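So the sequences go chain by chain: R and D.
Sequential numbering of the first sequence, starting at 1, is according to our numbering.
Sequential numbering of the second sequence, starting at 383, is according to our numbering.
To be clear, the hints were calculated from the coordinates, so they are not data collected in a lab.
Here the structure is a predicted model, which is why all the values come from computation and not from measurement.
Here a beta-carbon is modelled for each residue, glycine too, at the ideal position from N, C-alpha and C.
Accuracy of the hints is not assured; some may be wrong.
[Stated by the list, open to error] Facing chain R, a subset of chain D residues (Cβ under 8 Å, in silico):
| # | residue |
| --- | --- |
| 1 | Phe388 |
| 2 | Thr391 |
| 3 | Thr400 |
| 4 | Ala406 |
| 5 | Thr447 |
| 6 | Tyr451 |
| 7 | Ile455 |
[As the list claims (entries may be wrong)] Label-pair restraints from in silico Cβ distances:
| # | chain 1 | residue 1 | chain 2 | residue 2 | range |
| --- | --- | --- | --- | --- | --- |
| 8 | R | Gly312 | D | Asp493 | 15 to 23 Å |
| 9 | R | Val157 | D | Leu429 | 31 to 39 Å |
| 10 | D | Pro468 | R | Lys381 | 51 to 59 Å |
| 11 | D | Asp493 | R | Ser244 | 27 to 35 Å |
| 12 | R | Gly116 | D | Ala435 | 25 to 33 Å |
| 13 | D | Ser460 | R | Val157 | 26 to 34 Å |
| 14 | D | Val489 | R | Met56 | 52 to 60 Å |
| 15 | R | Ala195 | D | Ser460 | 17 to 25 Å |
[Said to hold, decoys possible] Take a look, some chain R residues computed to stay more than 12 Å from chain D by CB distance:
| # | residue |
| --- | --- |
| 16 | Phe60 |
| 17 | Ser135 |
| 18 | Glu201 |
| 19 | Val249 |
The chain contents come next:
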Amino acid sequence: MSDQPRSAIVGIGRTAYTRNSGRTPLAMAVEAARAAFDDAGLPTSVLDGVTCFHTMDSAFPMDVALALGTTELEFSNAMYAGGNSVAEVVRTAAAMVDTGICKAVLVYRSLNGRSGARYGTVAGPIEVPGEMQFSAPHGYMLPPQWIAMWASRHQAVYGSTCEDLGQIAITQRGHAVPNAHAISRTPITMDDYLAGRWVNEPFRVFDCAYEVDGAVALLIVSTDLLPDVKSEPVWMLGSSNSQSGVGWVQWDDPTSMYSRSAGPKIWQRTGLKPSDIDVACMYDCFTYTVMATMEDFGFCEKGQVGEYFASGRATYGGDVVVNPHGGLLSEGYVHGLNHHYEAVLQLRGQAGVRQVPDAKLALVTAGAGPYGGANVLGKDKP
Amino acid sequence: MPETPFLPTRPPRPTHETVEFWDACAQGRLVVPRCDDCHEYIWYPRLFCPHCASQRVTYNEVRGTGTVYSFTIMRKGSGPYKEFAPYVIAYVELDEGVRLMTNIVGVSVDDVRVGMPVKVVFDDSIPRFTAA
Ligand SMILES: [Zn+2]
Numbered sequence: 001m002s003d004q005p006r007s008a009i010v011g012i013g014r015t016a017y018t019r020n021s022g023r024t025p026l027a028m029a030v031e032a033a034r035a036a037f038d039d040a041g042l043p044t045s046v047l048d049g050v051t052c053f054h055t056m057d058s059a060f061p062m063d064v065a066l067a068l069g070t071t072e073l074e075f076s077n078a079m080y081a082g083g084n085s086v087a088e089v090v091r092t093a094a095a096m097v098d099t100g101i102c103k104a105v106l107v108y109r110s111l112n113g114r115s116g117a118r119y120g121t122v123a124g125p126i127e128v129p130g131e132m133q134f135s136a137p138h139g140y141m142l143p144p145q146w147i148a149m150w151a152s153r154h155q156a157v158y159g160s161t162c163e164d165l166g167q168i169a170i171t172q173r174g175h176a177v178p179n180a181h182a183i184s185r186t187p188i189t190m191d192d193y194l195a196g197r198w199v200n201e202p203f204r205v206f207d208c209a210y211e212v213d214g215a216v217a218l219l220i221v222s223t224d225l226l227p228d229v230k231s232e233p234v235w236m237l238g239s240s241n242s243q244s245g246v247g248w249v250q251w252d253d254p255t256s257m258y259s260r261s262a263g264p265k266i267w268q269r270t271g272l273k274p275s276d277i278d279v280a281c282m283y284d285c286f287t288y289t290v291m292a293t294m295e296d297f298g299f300c301e302k303g304q305v306g307e308y309f310a311s312g313r314a315t316y317g318g319d320v321v322v323n324p325h326g327g328l329l330s331e332g333y334v335h336g337l338n339h340h341y342e343a344v345l346q347l348r349g350q351a352g353v354r355q356v357p358d359a360k361l362a363l364v365t366a367g368a369g370p371y372g373g374a375n376v377l378g379k380d381k382p
Numbered sequence: 383m384p385e386t387p388f389l390p391t392r393p394p395r396p397t398h399e400t401v402e403f404w405d406a407c408a409q410g411r412l413v414v415p416r417c418d419d420c421h422e423y424i425w426y427p428r429l430f431c432p433h434c435a436s437q438r439v440t441y442n443e444v445r446g447t448g449t450v451y452s453f454t455i456m457r458k459g460s461g462p463y464k465e466f467a468p469y470v471i472a473y474v475e476l477d478e479g480v481r482l483m484t485n486i487v488g489v490s491v492d493d494v495r496v497g498m499p500v501k502v503v504f505d506d507s508i509p510r511f512t513a514a
């Protein structure tokens, strides 16, 4: 990054997260986008770039722009990607501003992830291209299966346990309890966790992200516009990305993820280290994703994540607060973009009862398995 | 080959890159592509080498033996799998080194272990694995 940052995140917006929105993804995207502009105090007329990512339902960038009164975009990119590309999409939006191509770029994710097409099911005949042709005949189609296979390998190699995964679910649920926006706010104990129904071993229902309907939007603008912005800007301090085509089955060591590369790269690029981070919004499609990526990003040793959570190091008063909003497990699965929302809220000091004291640096990760990336956001201008 | 399948099958839809693999399965043979240049075995089947990007790839018959690398137990099946739960989805590492996504069949689900030796069994032309 250049010495003087040329972009900042100045607006965040979201809809309610529900089990059945009764609305289109377009309507939700526009609501979240308008909220992000209101938050920034900027008129929608500055908008010249819109981007999103999607694998199932979504709304097109041009349609969202039109609903905000913009008939022409310099940058319009609906990226075909899952949660692995959240950090990449946000970074790309910032890069469009940093390079002077755009003045104001909106990033959103909008989906009826609960009432519409759910990630946890396969309905009807499906096309199975590439590697999936060799997985579908065996019933290996769904994200909990991909990642349970990796968790099972971690248990065999490092002796990690279901209780270790449970510590992650319990801690994050505890964080969601005071979060009025979270979909799932009932505290759970280890007994509750272990009594949860199996999804597929070693995952119980509490190990899986809570699918919801909803939308999240971020507004990234040129520093030239800052005099007109009423919110406190949040800065992008660095990014890393590691997207591999090796695939789920041939990945050489499923006890680590994309983060074994993206982790070291982001620390090298930012000159920071895990102990500098106040808030870690760790992508948590499943508890095991948090386990493997916490190890890979260097927060703790292999096989120690359960103890790390059990001893309070991942919560208030510990080393770093992991997913203070409850994460995708408990706040809801807005495909991971809600992690950036939470990071901005925390860095502005606007997180209310769940505010992490004096939060200055946040790590936001995105993705699982062979695919993912991360951004570091900061309160202070670099 | 058992008369009734161990598990239901979503029929594969071969492409021109994979038809040779599925044809061999229908004959009860397990074939795996191998690179003519770097000699690495390749999985999943495709017409280039993911190790060295060579375009010269040839199918080879393999022994069909290996070990369980990792697995997950499906306690509840959906769709056609509903009647067949519990069942096991596994990665099996062949002696030749590549890892296949497959099922472990003909064994109690609670007896499956990482590292367990297994051999291929063709089930309705789909390669699944059972205790060796
Ligand atoms: Zn080769």
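Consistency of the hints with the structure:
no.: 1; hint: Phe388; verdict: violated, 11 Å
no.: 2; hint: Thr391; verdict: holds, 5 Å
no.: 3; hint: Thr400; verdict: holds, 6 Å
no.: 4; hint: Ala406; verdict: violated, 13 Å
no.: 5; hint: Thr447; verdict: violated, 18 Å
no.: 6; hint: Tyr451; verdict: holds, 7 Å
no.: 7; hint: Ile455; verdict: holds, 4 Å
no.: 8; hint: R:Gly312 - D:Asp493: 15 to 23 Å; verdict: violated, 38 Å
no.: 9; hint: R:Val157 - D:Leu429: 31 to 39 Å; verdict: holds, 34 Å
no.: 10; hint: D:Pro468 - R:Lys381: 51 to 59 Å; verdict: holds, 56 Å
no.: 11; hint: D:Asp493 - R:Ser244: 27 to 35 Å; verdict: holds, 34 Å
no.: 12; hint: R:Gly116 - D:Ala435: 25 to 33 Å; verdict: violated, 39 Å
no.: 13; hint: D:Ser460 - R:Val157: 26 to 34 Å; verdict: holds, 30 Å
no.: 14; hint: D:Val489 - R:Met56: 52 to 60 Å; verdict: violated, 36 Å
no.: 15; hint: R:Ala195 - D:Ser460: 17 to 25 Å; verdict: holds, 22 Å
no.: 16; hint: Phe60; verdict: holds, 30 Å
no.: 17; hint: Ser135; verdict: violated, 5 Å
no.: 18; hint: Glu201; verdict: violated, 4 Å
no.: 19; hint: Val249; verdict: violated, 5 Å
Against the hints set out earlier in the document, violations occur for numbers 1, 4, 5, 8, 12, 14, 17, 18 and 19.
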